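Visitor: The primary structure of each chain is shown beneath.
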Amino acid sequence: MTKLIKPVIVGAGPAGIRAAQTLVAHGLRPTVIDESVKWGGQIYRQQPGNFSRTAKQIYGFEAGRADAVLTAMRSLLPQVDYRPNTLVWNAEGGQLDLLNDGQTSVIDFTDIIIATGATDRILPFKGWTLPGVFSLGGAQVALKFQGCAIGKKVVFAGTGPLLYLVAFQYAKAGANVVAILDSSRLSLQVKALPALLNQPVVLAKGMYYVAWLKAQGIAIHNDASPMQASGAHGVEKLIWRNSQGDHTLDCDAIATGYGLRSESQLADILDCKFVFVNSDNAWMPQKDQVGRSTEAHVYLAGDGSGIQGADAAEWAGELAGLALIEDRHIESKANHSLRVRQLTHQLQKRQAFGYGLNTAFQDPKSWARQTTDDVVICRCEEITAGDIRTSVQATGAQDLNRLKAMCRVGMGRCQGRMCGPAATEILADCTQQSVQLVGRLRGQAPIKPIPFVQSPATNANGANTKAAA
Amino acid sequence: MSNSTLQCDVAIVGGGIVGTSAALALRKLGKTVILLERDLCGSRSSGVNYGGVRRQGRSLIQLPLAQRAHAIWEKLSDLLGSACEYTRSGHLKIARSEADLASLIVYKEKSEPFGLGLKIYSGTQLREFYPWLSERVVGGSLCAEDGHANPRLVSPAFANAAIHAGAQIMERTQVIEISNSNGLFTLTTSTDQVIEAPILLNCAGAWASFVAEKFNEPVPMVSAHPTMAVTEPMPAFMSLSLGVEGGGIYARQAFRGNCVIGGSRGFALDELRARPSREAIQLVLARSVELLPQLKHASIIRTWSGTEGYLPDHEPVIGPSRTTPGLFHGFGFAGSGFQIGPAVGEVLAELATLGKTSTPIDEFSISRFPSVLSSITTTPGDLP
Chain A
1 MTKLIKPVIV GAGPAGIRAA QTLVAHGLRP TVIDESVKWG GQIYRQQPGN FSRTAKQIYG
61 FEAGRADAVL TAMRSLLPQV DYRPNTLVWN AEGGQLDLLN DGQTSVIDFT DIIIATGATD
121 RILPFKGWTL PGVFSLGGAQ VALKFQGCAI GKKVVFAGTG PLLYLVAFQY AKAGANVVAI
181 LDSSRLSLQV KALPALLNQP VVLAKGMYYV AWLKAQGIAI HNDASPMQAS GAHGVEKLIW
241 RNSQGDHTLD CDAIATGYGL RSESQLADIL DCKFVFVNSD NAWMPQKDQV GRSTEAHVYL
301 AGDGSGIQGA DAAEWAGELA GLALIEDRHI ESKANHSLRV RQLTHQLQKR QAFGYGLNTA
361 FQDPKSWARQ TTDDVVICRC EEITAGDIRT SVQATGAQDL NRLKAMCRVG MGRCQGRMCG
421 PAATEILADC TQQSVQLVGR LRGQAPIKPI PFVQSPATNA NGANTKAAA
Chain B
1001 MSNSTLQCDV AIVGGGIVGT SAALALRKLG KTVILLERDL CGSRSSGVNY GGVRRQGRSL
1061 IQLPLAQRAH AIWEKLSDLL GSACEYTRSG HLKIARSEAD LASLIVYKEK SEPFGLGLKI
1121 YSGTQLREFY PWLSERVVGG SLCAEDGHAN PRLVSPAFAN AAIHAGAQIM ERTQVIEISN
1181 SNGLFTLTTS TDQVIEAPIL LNCAGAWASF VAEKFNEPVP MVSAHPTMAV TEPMPAFMSL
1241 SLGVEGGGIY ARQAFRGNCV IGGSRGFALD ELRARPSREA IQLVLARSVE LLPQLKHASI
1301 IRTWSGTEGY LPDHEPVIGP SRTTPGLFHG FGFAGSGFQI GPAVGEVLAE LATLGKTSTP
1361 IDEFSISRFP SVLSSITTTP GDLP
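If you read the sequences in order, they're chains A and B.
So the first sequence is numbered by our numbering: it starts at 1 and just counts up by one.
So the second sequence is numbered by our numbering: it starts at 1001 and just counts up by one.
No lab work stands behind these hints: they were computed from the structure.
In this text the structure is predicted, and so the values were computed from the model without any measurement.
A virtual CB, placed ideally from N, CA and C, is assigned to each residue, including glycine.
Warning: the hint list may mix true and false statements.
What the hints assert, rightly or not - Derived coverage of chain B by chain A (criterion: at least 3 residues anywhere in the stretch with Cβ under 8 Å from a Cβ of chain A; other residues may be distant):
| id | stretch |
| --- | --- |
| 1 | 1144 to 1157 |
| 2 | 1268 to 1281 |
| 3 | 1294 to 1300 |
Claimed, not checked - A few chain A residues facing chain B, derived, Cβ under 8 Å:
| id | residue |
| --- | --- |
| 4 | 106 |
| 5 | 369 |
| 6 | 395 |
| 7 | 449 |
| 8 | 451 |
| 9 | 452 |
| 10 | 453 |
Kindly produce the complete structure, drawing on both the sequences and the hints.
Guide: Set out below in structure tokens:
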């Protein structure tokens, strides 16, 4: 039976790794496809081979977790078909289309666990396309991967747990953290405390970061929004605003982000049904408690189908693996149902914590309304907030796909992965609709660009020759 | 919603380029119009096609319509308040062999009376004018006044112009029941509205056969799905819209710099949605690099498909129903309705109001198919 099952896991972050571990424990040999050079995902991204920082230096408090996840995958390598550096760009008829080293190939699958993770959720401000402005995740990757900072004098602007974590990591690494601008209000963070106590350890870490940053004399401003970055060739200055008015900071880099957005395009191409999820304020592929999508043998785990963080991703990855085992009637372990119950329970508690995070970290008040016409929303296609508003006026566009057709927002190289959330907010605001009604950009292959010239496509399983062992 | 009944002179099913341009033309003729569109105007094939505005290569019987459309496109800006990126860039039909070049010459001679102004060039001449063409090009036929436009903008712009002229356009409104008695059509919609009109235009594209069947005139129409792809923006290098004799691929560079390429076939995901197939994507990429070496270092950022209606002879159905007075059809354009669409809209408007039209359309009569279809099979074949 297990010979006929060809499970594929897309993404080798905490969710993908735990899913792989679960499948291997049940006698399956999954293929693990990952865009990165090394496993670990964004959160536990590994440094290049010739770097020698300790786990503690790279991952801080998360060193133990990171080590556990990374070691788990290392020990799995002989038992999985691991394909790093590989993009899944399309799916059709029980096969995935891959791109590796400029070459396309095709691989069969019978079961798939989608653990594609997330990117930063960006809310643009004037000048955000200047060199020196990075997403929070990008700033963190620079530090974790290459051990370099995005600048010497860095402002952190946005909201969410990552804002404080990355600022903390930068300050620890010796960068000058000029200020932290959090769009959320302190009162909301206090209000969120009861829900946040669902994950006391995580909460304690968060509070530690804030306390430590304050102890270093780093300014933390709440209810504060970045308004305009400026400079001749890169960022030199940031004007920010709070209830007291506008203020200016000297800086040479800005890291910004307002939470995360799921990379859900593959689920879309696989025809999974999407539902609007209030806690994410976004359309997400629908999943049950254990990660089954609406399509048979397609499972969802981790931040790729709703933002819950790295720990929850591990649980969801294992759960999705267990669901696959169950659905394929593979002999399960004695503690199977107990384990499913435990993990489901942990995920539910994490969900309550998530509600707390949503309360604690909120977008700038009326961000869409406050955003002036000259702010670029879609940098690929150079579409401003004003272009969107004019297009809505002229064409009556009410939904996001229509708006894209009319004014090109989300039509460029990133296919709306970066500008989608901001365009959604602006459209919702100027059509007086909810974010839910505005809809979501439909996923179309390729998930990321593919080159014209490739080596001839290999047949169904010819790509096996590239398998790492 | 209340079950209200609306009355109008002409009801139109389908908000593609034919339906929306008919709505606009009817308003200009003083008729009251209600257009029903299941999704959004121009969201199906009229909005997702390649965007070629091309007369060259059409069957000779389509050329009078194409010429009529050519005059409409010329004044598109005045008509719609926006040029919709329409440009008379020229359309080059490429020959990859001497035999293909010979066919292009035959077409040029046969189409001469219609005045397309075709010019035949050798491969060497073409590469002199257009150095970006590859050595594979043996020759070609240039139609200087053909061109391309942005299909995503055109049908919605026709719809908006029709609305401004007083037409009532109901989007996201599906026709769920349709009947005719005593010379009056009654349409019931998914929004629980009832529309009554003495005249009905069937402009429902690939789904028009359902309407025809309601009135006992089934048509042997099948659906086919193109494979389309687009690059990221590139520096402007290609001024022409390109086609290839014998089919294969077509390509143009949009206003923004993206190269839009198409060819081969996709597949239906369900009744409404279609996608390019992986084989087709690979094929289209390989064929376009063969003709346009510039694309060698480019990337594809998006692919898509649509649903197009094909009849056995790859000609459309345009004209009166043979079973039901007051019903007029305009559908089945075999993947090449974009250029002639606005002329078909005008023709249907004339038929609806005057009962006749100045443009010859007899060849497109639904009567060319037998009333019993069992013996007919339709294949979409490769693309023009």
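Visitor: It remains to establish, for every hint, whether it holds in the given structure.
Guide: Right, here's what the structure says about each hint:
| no. | hint | in the structure |
| --- | --- | --- |
| 1 | 1144 to 1157 | holds (count 3) |
| 2 | 1268 to 1281 | holds (count 6) |
| 3 | 1294 to 1300 | holds (count 6) |
| 4 | 106 | 7 Å, holds |
| 5 | 369 | 26 Å, violated |
| 6 | 395 | 6 Å, holds |
| 7 | 449 | 4 Å, holds |
| 8 | 451 | 5 Å, holds |
| 9 | 452 | 5 Å, holds |
| 10 | 453 | 5 Å, holds |
Checked against the numbered hints given earlier, this structure breaks only hint 5.
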